[in-house]
Structure formats: structure tokens, C-alpha cells
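Trainee: Residue strings, one per chain:
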Amino acid sequence: MKKKLISTLLCVSMVATMLVGCGDKGDTPANDGNTDTTDDAGDDAEAGDDADAADDQGGSASAEGGKVYYLNFKPESDDTWQQIAAEYTELTGTEVKVVTAASGQYEATLTSEIVKEDAPTLFQINGPVGYNNWKDYCMDLKDTDYYSWLLDKSLAIEGEDGGVYGIPYVVEGYGIIYNQAIMDKYFATEGAKAASMDEINNFAKLKEVVEDMTAKKDELEIEGVFASTSLLPGEDWRWQTHLANLPVYYELKDKDVTDIDELEFTYADNYKNIFDLYINNSCSAPGTLTTMDVTSSMAEFALGQVAMVQNGNWGWGQINDVAGNTVTESDVKFLPIYTGVDGEENQGLCVGTENFYCVNSKASEADQAATIAFLEWLYSSAEGKNHVTNDLGFIAPFNTFEDSEKPTDPLAQEVLRYMEDSSKTSVSWNFTIFPSQSFKDDFGFALGDYCNGSKTWDDVVETVKTRWAEEKAATTAE
Amino acid sequence: MQKTLKKYFLVFILPTLLAFSMAFIIPFILGVYLSFCEFTTVDNGKFNGIQNYINAFASGSGFLSSLGFTVKFVIVAIVLINVLAFGLALLLTKKIKGTNVFRTVFFMPNLIGGIVLGYTWQQMLNSVLLQHGTNLLAKSTYGYWGLILLMNWQMIGYMMIIYIAGLQNVPTDLLEAARIDGATNTQTLFKVTIPMVMPSITICTFLTLSNSFKLYDQNLALTAGAPSHQTEMVALNIVNTFYGRTGYSGVGQAKAVIFFILVAGVGLMQLLFTRKREVDQ
Numbered sequence: 085m086k087k088k089l090i091s092t093l094l095c096v097s098m099v100a101t102m103l104v105g106c107g108d109k110g111d112t113p114a115n116d117g118n119t120d121t122t123d124d125a126g127d128d129a130e131a132g133d134d135a136d137a138a139d140d141q142g143g144s145a146s147a148e149g150g151k152v153y154y155l156n157f158k159p160e161s162d163d164t165w166q167q168i169a170a171e172y173t174e175l176t177g178t179e180v181k182v183v184t185a186a187s188g189q190y191e192a193t194l195t196s197e198i199v200k201e202d203a204p205t206l207f208q209i210n211g212p213v214g215y216n217n218w219k220d221y222c223m224d225l226k227d228t229d230y231y232s233w234l235l236d237k238s239l240a241i242e243g244e245d246g247g248v249y250g251i252p253y254v255v256e257g258y259g260i261i262y263n264q265a266i267m268d269k270y271f272a273t274e275g276a277k278a279a280s281m282d283e284i285n286n287f288a289k290l291k292e293v294v295e296d297m298t299a300k301k302d303e304l305e306i307e308g309v310f311a312s313t314s315l316l317p318g319e320d321w322r323w324q325t326h327l328a329n330l331p332v333y334y335e336l337k338d339k340d341v342t343d344i345d346e347l348e349f350t351y352a353d354n355y356k357n358i359f360d361l362y363i364n365n366s367c368s369a370p371g372t373l374t375t376m377d378v379t380s381s382m383a384e385f386a387l388g389q390v391a392m393v394q395n396g397n398w399g400w401g402q403i404n405d406v407a408g409n410t411v412t413e414s415d416v417k418f419l420p421i422y423t424g425v426d427g428e429e430n431q432g433l434c435v436g437t438e439n440f441y442c443v444n445s446k447a448s449e450a451d452q453a454a455t456i457a458f459l460e461w462l463y464s465s466a467e468g469k470n471h472v473t474n475d476l477g478f479i480a481p482f483n484t485f486e487d488s489e490k491p492t493d494p495l496a497q498e499v500l501r502y503m504e505d506s507s508k509t510s511v512s513w514n515f516t517i518f519p520s521q522s523f524k525d526d527f528g529f530a531l532g533d534y535c536n537g538s539k540t541w542d543d544v545v546e547t548v549k550t551r552w553a554e555e556k557a558a559t560t561a562e
Numbered sequence: 002m003q004k005t006l007k008k009y010f011l012v013f014i015l016p017t018l019l020a021f022s023m024a025f026i027i028p029f030i031l032g033v034y035l036s037f038c039e040f041t042t043v044d045n046g047k048f049n050g051i052q053n054y055i056n057a058f059a060s061g062s063g064f065l066s067s068l069g070f071t072v073k074f075v076i077v078a079i080v081l082i083n084v085l086a087f088g089l090a091l092l093l094t095k096k097i098k099g100t101n102v103f104r105t106v107f108f109m110p111n112l113i114g115g116i117v118l119g120y121t122w123q124q125m126l127n128s129v130l131l132q133h134g135t136n137l138l139a140k141s142t143y144g145y146w147g148l149i150l151l152m153n154w155q156m157i158g159y160m161m162i163i164y165i166a167g168l169q170n171v172p173t174d175l176l177e178a179a180r181i182d183g184a185t186n187t188q189t190l191f192k193v194t195i196p197m198v199m200p201s202i203t204i205c206t207f208l209t210l211s212n213s214f215k216l217y218d219q220n221l222a223l224t225a226g227a228p229s230h231q232t233e234m235v236a237l238n239i240v241n242t243f244y245g246r247t248g249y250s251g252v253g254q255a256k257a258v259i260f261f262i263l264v265a266g267v268g269l270m271q272l273l274f275t276r277k278r279e280v281d282q
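Residue numbers (our numbering), protein chains in the order written: chain A, 85 to 562; chain B, 2 to 282.
Check each hint, because a few of them may be wrong.
Claimed, not checked - Interface residues of chain A toward chain B, partial, derived using beta-carbon atoms under 8 angstroms:
| no. | residue |
| --- | --- |
| 1 | 217 |
| 2 | 412 |
| 3 | 530 |
What the hints assert, rightly or not - Output of the computed footprint for chain B on chain A, the stretches with three or more beta carbons under 8 angstroms from beta carbons of chain B:
| no. | stretch |
| --- | --- |
| 4 | 366 to 376 |
| 5 | 519 to 527 |
| 6 | 551 to 558 |
Calculated directly from the structure, the hints in this document are not laboratory data. Heads up, the beta-carbon is just placed ideally off N, CA and C, and yes, glycines get one too.
Use the sequences and the hints to build the structure in full.
Mentor: In C-alpha cells:
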């Protein structure tokens, strides 16, 4: 009997500890709310005062009490962010936590993280479409210094009420990256179609040169002119998003609008021009492209197997870090993506952003203040700016950065060179208005089928047009 | 004893019950509720009736075509996996040298995660197909048979172990009696062995059925639905709906609920069907 009693007691105490353990966690953050209900009715006024006092304290001490939790989008810079977080905590005592979402999992991670008690106070969205999804969680940043430093205010995301809900933190550019050493070798060959890169300023010339290079690829010791056009699902964003930006940019420009419900894809032939050039003068046969990923095509470029690859300035790390890299820093240059549009001689790189910081509107005021303080430190103090330009390699669109404080990697330098060249017009990033991920995926699928020969080009154009209209209708119907 | 058990019933069941409701019941109820809402996160759902269910079946949502593909896959996978696993189990219960080594080797693939398997097989199949100037994503039939191959490779070992356990439990006196009565090997197999291992068959068909229906990782890693969603299974379609478009998480949720009812229904029917054939020893 005694034994039984003891074992029962043990069981009960075990369960009890478990319950207490669970209860604790739930209780603490909800403390404020509980105060009124647990106190006697008579104490209500007092309790209210207490809560107010606590709030005031939190407000005045702002950064002191608050915490920062940043959900990072760029896996390649996770180490840098951890370092920045540690440094800031040491400097100010504010706790900074940085979590990095796995590649392609940002939305999913954010969806689950943001409902937790300890939700991210700082996260990012990818443009107006992303804002539509997350507007309940974005705080108005109009009155912050951080916004006032933004060079081009039109880049920020404004809500319908005129508030500023997303602030771009980096400007990026993309185009065709080429290897100057291989090009020089080509220019020195007999019967070269051009004598220098300056002559290549439209699609016709580019095509002539590229096709001649393909003919001479043994002499140039390359496997192809272009790196593989990676079309593995999930690895196709360079084509269905970045390259697709050009025809959309020109169509919107012709129609003088910023968004469109039904894309006519009037520049489809131009897209085909450059896409065919890529896949037919590549180191991989068109039928193998749906097995290729971005990393391997960047590696092909880094190893000197190909002369050109389409990507942006963020790709420098991928080129530089490849073991056995044969490309020297001074040989890595950008060429705008020419597609055969009239007047494209003046076209520059595609420059824009799809990375906007948002501060969680549901976080406590102290946390919000701490988060904004953290951002302002990062983008205005000497140490912070050093991290931004040199460690993260960002071209920061803020007036707190001097000319001497720009990134030094060759691709970022090239982006800046094109931006400063007044004879060139940068192509803005319009893929932020692409209707949805489904649209992009289907575009990518269609391109893959086109390369595998199971779809004609007309099918691809049809897919783009119908899917654009369907997705726009589905996402704006409400 | 019986009385005390009843008295402390709650105390003993409580920890499990709590864990079960936290990890399963509450999320499930929340999930069903959210399928009637438009939401971004689980906190901010706005009720919108059965609109999600209507959208789930709208043309272009791909739900029905992915369901068709899944059913085609499930039927072939169940038959192949179970026949092959049973065959292997029969072989490995004969007195062959190194039976244990074989059992371990066949079981190994089951210990590898689906994503890893998917990418590994993608590389292997592609290296073969590229020799013939094509690749895994060029045609949906390649992806289909690739998935079947992968699932067989992964699941056969596991099912084999269950069948081996079943076969070892077939009473030897029955087999002996059959032999004395002059039954041929085939007759013994179909009239004695198979009826005796019916419980194992029930378990194995159920496991293969539900695992093949709910297949996600392998599908994502191997083809991710290419070409053009033709190899997209239901689970992948649900995830794509969830994240593919702004404001469509509710539709994904609705599809998930429909899918749950479907899998539960088919699974129960299968259990009833095979249970009836089980014999008592």
C-alpha cells in the first residue's frame, strides 16, 4: 500500500512539474494583460497606474529594454550578421538575435516565426507584392531618421495611407558578367568581329561576336561562350525573373504605366533573341539545361571555361570563392543585357532592389525603438557602415555613405560605374510587380520545356500571357 | 488492480494526452478552422466561408491533375513495393548464407532522408539519361518512373523486415502438414503462407499507401513538378498553392483538409478490406 502511494505521488509530482514548466513560459510575456484580471476590483486604478508606469519606463529607456530579432534573407551573409549582432550587443548592451532562413524558405520561415512570442522585430519583404501579404505586420517608418537618409524616396514602399512601410537597404545590379582576359584573347584572333568591348553596344553586334567566339572556342580554350542556362526548378530565377524584367520594362515604358493586368509580351521576340543566344552558345547543350543549377554555372565562369554569365553583383562571392578560380579580379566586368530593342546602345545595367526592411508593427514599442536604433547605427556609424560596405558588400542607397565608402568588389564597382555614367540609362527592376511565384515557376517550367524540345516558342509566349493574366486576376480580385 | 487502474487512469494518460493535443489535435483543429479563412499567419485569419474550397477546385489550381498523378503513382507503387518486398522476404527466410547482411543492406536506404535520396537519384538518373541526350525533366514519364524507382528502393527494405517477421511466425506444423499432404510449393505459398501473413500484408499495404499518398520530399527533390506540373503530387501542389500566390494560403489549407479526408478514407477502406482476410491461428 505504501509503495503504491509513493509511486502515485511521484507520478503526480512529475506531471505537476511538467505543467508548471509549461505554464511559466506562457505567463511571463502576457503579464501586462493579466494584471487587471487577477487583481481585486478595488485595486484596478492602481494596477492601471502601475502598468502605465512600466510602459513609460520602457518608452524612455527605449533601446535599453528592447531586443532586436532580425530574420535574415541572405544565407551567404549569415556569418557577417552574427558578427555584427555580437558587436552591437557589446557596444550598447542591446540584445540582437539574427536568424537566417534557408535559401528559398524565407516566406515559410517568416510565417511561422512571426506568430511566436519572440517574433522577428526586423524582417524583409520583396516589394509591393510582398507588402500586400505582410501589411498587417509592417510599421510606418516615415518619421525615422533611417528613412530621411534614403537617397531616392521613390524606392521605398508606401502604403495607401501614405505611410512608409518598407525601406530598401541595398541596391543591386545585374547584367552579363564577362571575363576580360578571354575577350582580349578573342579580339586578338584573326578576323575578330570587334576590336574591343566598347564596340559591343547592341544585340546584333553581341550576337555576331558570340557566334564567332563559339566557332573559335577551341582556339580560345573555352567550352562555350555562356555558362549553363540553369533551368532546374528553383534555379531558374535568372531567366524567369531577371531576364524577363527587360521585356516587361520596355512594355511598361511604351505604355507609360507602372503595373499591368494583362501583359501583351510585345517584346517576346527580344527575349527569344537573347535566350536563344544563351542556350545555343553555351558550354551545355540545350537538352541538358534542366539539370543545371546557378552554383555550377557560376563555377564554370570562375574556372575560365566560359567567357560570360548572366548574374548580378551579388555573384562576386560565388566567383571569388570557387577553388581553382582562374579569373582575376580586374578581368571581371559587366555588359548590359542587349535584346535588340531600338536605342539600346544607351541601355545600362538593370539596377534596383527587391530587399526592403520592415519593422514588425506587432512588436512592443521598446523592441521597435531598439530595432530602429540598430538600423540607424548600422547605416550611419563608422563601424556599421564598414560592415555594410565591406563585409556585406552592399551598395547602400543612403546619403550617410560618402563616395569613399562604396564597396570595392569588382562587380559592385562596375554597377557604380554604370550608374554614374550619364550616357547610360539604367533599367529599373520591374519584376517586383510580377504577379506571383506561381507565375514565375510556370514561366521557368515553360522555358525548360522549350529547351527540352517539348514546347515551341509560341507555347512559351502563350504561357507567359495567360498565366500573367490569371495570376494578376487571382491576386487582385479581392 | 482493475479498480486502481481506473482510478488513476487520468493521471497516467495525462502526459501523453497533453503532448498529443499540443502536437496534433490543436494544430489540426486550427488547420480546419483556417481552411475557412483568408490568412497570412495563424493569428490573423479572416473568415471567408467556403470560398477557399471553391478556389481549390478552380481550373488552373492543378489540384485534380496532381491528384490524378498521385493515384497513378500510388497504385503502381503499392503493388510493386509489396510484391518485391514479399519476394525478398521469402528469399531471405530461406537458409541462405549471409541472410543478416542482406537484410541490413536492403533496410539501409530507409534510413536516408527523402530530400537526400531525391537529389541523389536525380543525379544518378540524369547521368544515365544524359548519355541518351535527354534528362529527367524532359518528359513526365521519366519523372514518374524515377519516383517509382526511388520509392521502391527506399521502402522495399522496410516492408521486407515486416514480412520477414510475419513469415517467421507461420507455424512450421502447418507447413509440414501441407507438405505431407502433397501440396506443391505454389500451393503452400498461396493456401498456407499468404493467409497466415495477412496481418503483415495489412500493415505493409497501409504503410505504403499512406506514405505514397503523402509523398513530398522525394517529389520536391527529384522533379519539383517539372515538366510544367505534370509530375506534381498532391502534397507538393498544396505547398505550392500555399506559398505560390499572395492570399492563397487559405486555399492551400482547404486542399490539405480535403486531402486529409481522402487519405483517411482510402486508408480506412483498405484496412477494413485486408482485415477481413486475416485468419486466426
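Trainee: Does each hint fit the structure? Answer for all of them.
Mentor: Hints and how they fare:
Checking residue 217 (chain A) against chain B by beta carbon gives a least distance of about 4 angstroms; that is within 8 angstroms, so the hint holds. A distance limit of 8 angstroms between C-beta atoms decides the matter here; for residue 412 (chain A) the minimum to chain B is near 32 angstroms, and the interface restraint is violated. At a threshold of 8 angstroms, the smallest CB-CB gap from residue 530 (chain A) to chain B is about 7 angstroms, leaving the interface hint in force. Counting residues of the stretch 366 to 376 of chain A whose beta carbon lies closer than 8 angstroms to any beta carbon of chain B gives 5, which reaches the threshold of three, so the coverage claim holds.
Here the stretch 519 to 527 of chain A counts 6 residues with a CB under 8 angstroms from a CB of chain B, which clears the bar of 3, and the coverage holds. Using a Cβ-Cβ cut-off of 8 angstroms, 3 residues of the stretch 551 to 558 of chain A lie near chain B, which meets the minimum of three, so the contact claim holds.
Checked against the numbered hints given earlier, this structure breaks only hint 2.
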